[in-house]
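Protein chains in written order, with this note's numbering: chain P, 1 to 155; chain D, 1 to 791.
It is possible that part of the hints are untrue.
[What the hints assert, rightly or not] With beta-carbon atoms standing in for the labels, derived distance ranges:
{"no.": "1", "chain 1": "P", "residue 1": "Met139", "chain 2": "D", "residue 2": "Ala638", "range": "35 to 41 Å"}
{"no.": "2", "chain 1": "D", "residue 1": "Glu586", "chain 2": "P", "residue 2": "Met139", "range": "19 to 25 Å"}
{"no.": "3", "chain 1": "D", "residue 1": "Asn655", "chain 2": "P", "residue 2": "Asn118", "range": "40 to 46 Å"}
{"no.": "4", "chain 1": "D", "residue 1": "Ile584", "chain 2": "P", "residue 2": "Met139", "range": "28 to 34 Å"}
These are computed hints drawn from the structure, not numbers from a lab.
As the structure is a computational prediction, the values presented were derived from the model and not from experiment.
Even for Gly, the Cβ is constructed at its ideal location relative to N, Cα and C.
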Amino acid sequence: MNADSSPVDILLVEDNPSDAELAIRALKKSHLANRIEWVMDGEAAIDFINHCGDYSTLPKGNPKVVLLDLRLPKVDGIEVLKSIRSSKNKDVKEIPVVVLTSSKEDKDLISAYDLGVNSYVRKPISFDEFSKTVGELGMYWLLVNQVPESIHLES
Amino acid sequence: MMLPDRGRQRFNSYLIVGIVLTLAFFLVPDTSRDGGAQFHTILEISSILLALMVGALGLVRYYSQPTGTFLFIGTGFLGTSFLDGYHTVLTSTWITPFIPSSLASLHPWSWFASRFFLAVMLLLGLWAIKREKRLGARGMIDHRQVFIGTILFFLASLLFFGLMPLPIAYYPDIHQVYRPLELIPALVFLVALIGYLHDGRWRSHALEHWLVLSLIISVVGQAVYMPRSHELFDLEFELAHILKNSSYICVLIGLMINMLFLYRQADQTVQLQQEINERKQVEKELGKSEQRFRALVETSSDWIWEVDSQGRYVYVSPIVEKMLGYRPEEVLGKTPFDFMPEEEVQRIAQTFMAIVEAQQPFSALENVNRHKDGHLVTLETSGTPIIDAGGTFLGFRGVDRDISERKLLEQKEREAHDQLLTVFEAVDEPIYVSDPESHELIYINHCFKKYWGTDALGTKCYKTIQNRDAPCPYCTNDKIFGDNLGQTYIWEMQNEINEIWFRCVNKAIRWTDDRMMRFQFASNINEIKQAEQERSHYRENLEREVQRRTRELETANKDLEGFSYSVSHDLRSPLRAIDGFVNILEEDYAPKLDEEGLRLLGIVSENANKMGQLIDDILAFSRAGRLQLEQVEVDMNALVKEVWTSLKQERKDRNYQFRHSDLQVVSGDIRALRQVWQNLLANAIKFSRDRDPAVIEITVQTDNDMIHYTVKDNGVGFNPNYVNKLFILFQRLHGMDEFEGTGVGLAIVKRVIQKHGGSIDATGILNEGASFRFTLPRFNTIADQAMKESS
Chain P
1 MNADSSPVDI LLVEDNPSDA ELAIRALKKS HLANRIEWVM DGEAAIDFIN HCGDYSTLPK
61 GNPKVVLLDL RLPKVDGIEV LKSIRSSKNK DVKEIPVVVL TSSKEDKDLI SAYDLGVNSY
121 VRKPISFDEF SKTVGELGMY WLLVNQVPES IHLES
Chain D
1 MMLPDRGRQR FNSYLIVGIV LTLAFFLVPD TSRDGGAQFH TILEISSILL ALMVGALGLV
61 RYYSQPTGTF LFIGTGFLGT SFLDGYHTVL TSTWITPFIP SSLASLHPWS WFASRFFLAV
121 MLLLGLWAIK REKRLGARGM IDHRQVFIGT ILFFLASLLF FGLMPLPIAY YPDIHQVYRP
181 LELIPALVFL VALIGYLHDG RWRSHALEHW LVLSLIISVV GQAVYMPRSH ELFDLEFELA
241 HILKNSSYIC VLIGLMINML FLYRQADQTV QLQQEINERK QVEKELGKSE QRFRALVETS
301 SDWIWEVDSQ GRYVYVSPIV EKMLGYRPEE VLGKTPFDFM PEEEVQRIAQ TFMAIVEAQQ
361 PFSALENVNR HKDGHLVTLE TSGTPIIDAG GTFLGFRGVD RDISERKLLE QKEREAHDQL
421 LTVFEAVDEP IYVSDPESHE LIYINHCFKK YWGTDALGTK CYKTIQNRDA PCPYCTNDKI
481 FGDNLGQTYI WEMQNEINEI WFRCVNKAIR WTDDRMMRFQ FASNINEIKQ AEQERSHYRE
541 NLEREVQRRT RELETANKDL EGFSYSVSHD LRSPLRAIDG FVNILEEDYA PKLDEEGLRL
601 LGIVSENANK MGQLIDDILA FSRAGRLQLE QVEVDMNALV KEVWTSLKQE RKDRNYQFRH
661 SDLQVVSGDI RALRQVWQNL LANAIKFSRD RDPAVIEITV QTDNDMIHYT VKDNGVGFNP
721 NYVNKLFILF QRLHGMDEFE GTGVGLAIVK RVIQKHGGSI DATGILNEGA SFRFTLPRFN
781 TIADQAMKES S
């Protein structure tokens, strides 16, 4: 949870503290919470990924997955996704991004997939379902999914 | 025909020649001159040549126009020339030794032979004339016989003189007549002379005239001169020779003149023949032309006539019978007035008289005549005066044409025109007719005068109607004349004087003088124009209003979209938080709560979830309303199968019977239609879940362009009294504890179906089942259309 600590596995971009707390709790249950970085808006997310602004002192390395909400203050989730996918840094460009949102609008789905999102997950209202979904997501992206070699080497 | 005094002259000349020559003998001096053989030979040679010429000429003349006279003259002189030649030869001194006779005998005898032969031949010539006069062409003498006779005589003479010892010719004992032998040819010549004189041709014919002269000379020479020659080569002897030559010359002259005449005559004959031929040709042409004119006159549909100076018909062509009913012979002798009714005679008499007096050509004079059967015939008369070479007026010649039909036609045309004008007058819109060349108004109707004044007739249309000084630049004459003749041109214009709008119809119209004129019918469309303008304003306003409303609607739509988005995103988060933290409470603080506390937390959590469901359904309904249909070909069999399969969860542990016929293909948005089947089938499953077996059936009906689907179940059904509540949002006919649901599904179905241009209704009986029937348009495939066209 600290910028100076060991490299981050999961970057959670979520403006709603309740949702964030629930998500982190779910990840904790799956013992994945010690390498989470939570930012509350799109701008911070972009800074974190590009190691600039408040995060310029961040050690090298990229998160293994970004859990991205779409409705965010300052810069919204679609913009963040666009920024990652259009990055000149090949490693940044290939970071797996999972959209985790309340929206079920076609519009959002289409633009997210157009920009190369890796997965699109809708937040269920039921807490049971929510914690199960988030837990499974964390497990999958950190333990099951294979990423290019370069990401491993640097992490 | 020779004038009598010319015959007299000729006869006198004969007398003079005869007397002079006879008297001249007595003037001959009695000398003992001896001219010698040479001089004789010269004389004889000239004789031979002369005789040869006369003979040749005579024969040529004979063969050019065979007549016995010329045959005998020709042959006679030819023979004479031979005999003279023989005589000359015999009497030349170098041959004498070979001849048994003495020169004194040879000379006179051979001379005698020649003279006698010629005399006989000339006498035969006279005979030939008589014979031909009597027998005509049959009297022609065979020239071969004459030639043979001549040749035989000549040969006989030749042998006789050459071989026989001749008796003496000079008889000095007879007083004054030393050579009496010469009188024999003289006698024959005399007979011939008398014969020719008696024949009388000498009066008119040159040859006979000169022949007579020749005979006179010969007679005198033979009777007077030669007998008195007492010895060879004396003066009488020589003179007789000269006379002989002279007589030859006379015949030569006669022959030449004759031939000259003959040639002239031949020329004249040729000329005459030509003239005759030409005249014949002219006559033939005249005959033809006469025939032609007659045929023309008699077949012409016009009546051709000729009247004398009194106006009486002297010739009428047969067509008159067709025109007036009278036969030509009935008309001859009558005057034109005899065929006219009394009043017409009075009307026209003066005109006719003036024409006759003036003796001038006249044409197209109309006059009315009465046909034999009583009806009136209008004729058109034209004529020219006949005046002879002496300037005397003989009458008139001319034609009458029956113009009754034309008059009738003209009458009808006039009446039709009057009717037309009556119609024009009756129309309460301005009408005018103008001359396209001069732009003058040649007709205006009553209504026209109301707009542009009563004295507009004859003025220029552009001046009167538009107050212009030159033809209007927009003149439409080119639209109805020239290549566009016959076209109707319709246009609208605002009059420049009264500013009234007119709708004008232009067309070329044939006027009374047969010329094409400009016709214009104008209708006042001022009110229509104003209404149109108002309508146009109204339309513009309306359009603006619609645009404004559309913009508003678009804004509203956008707001709604933003609203739904917010709802889906932001309303759900608090619910999730409620549920989430209630769960955390249950997990972390369960030991501190009693059972009631836990139950209450359960209710909070359940309601949060229900509200989530409500939000989702409202969003779905909203999406269905905003849905932009993507019309594609949808195979309903496949779609229903897919939906039925997806509802497996809802059907589990129950016995469902699902039946449907061929569901065909429709045109529609596949996602929306999936939603329809999803909702309807889910409802059917839900409300029949207590039945065993539950039966769900889909039936299809087709008419024209629509397909009707009916989804029927044997479930709990509904009270038909509430059927109108079925499709209303959030309206439910069953309690939440009975059947779960938000009351949104059927509202969505109805929206989707309506969006497809279809409809939906439902029938149901409580506890027996429900059936939902909806209609969609069929998918019109290309194959379908092709089939329609071919049938």
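Against the structure, the hints come out as follows:
1. P:Met139 with D:Ala638: 35 to 41 Å: holds, 37 Å
2. D:Glu586 with P:Met139: 19 to 25 Å: holds, 24 Å
3. D:Asn655 with P:Asn118: 40 to 46 Å: holds, 43 Å
4. D:Ile584 with P:Met139: 28 to 34 Å: Since the Cβ atoms of Ile584 of chain D and Met139 of chain P sit about 21 Å apart, the hinted range of 28 to 34 Å is violated.
The structure fails to meet hint 4 from the earlier list, while all remaining hints are met.
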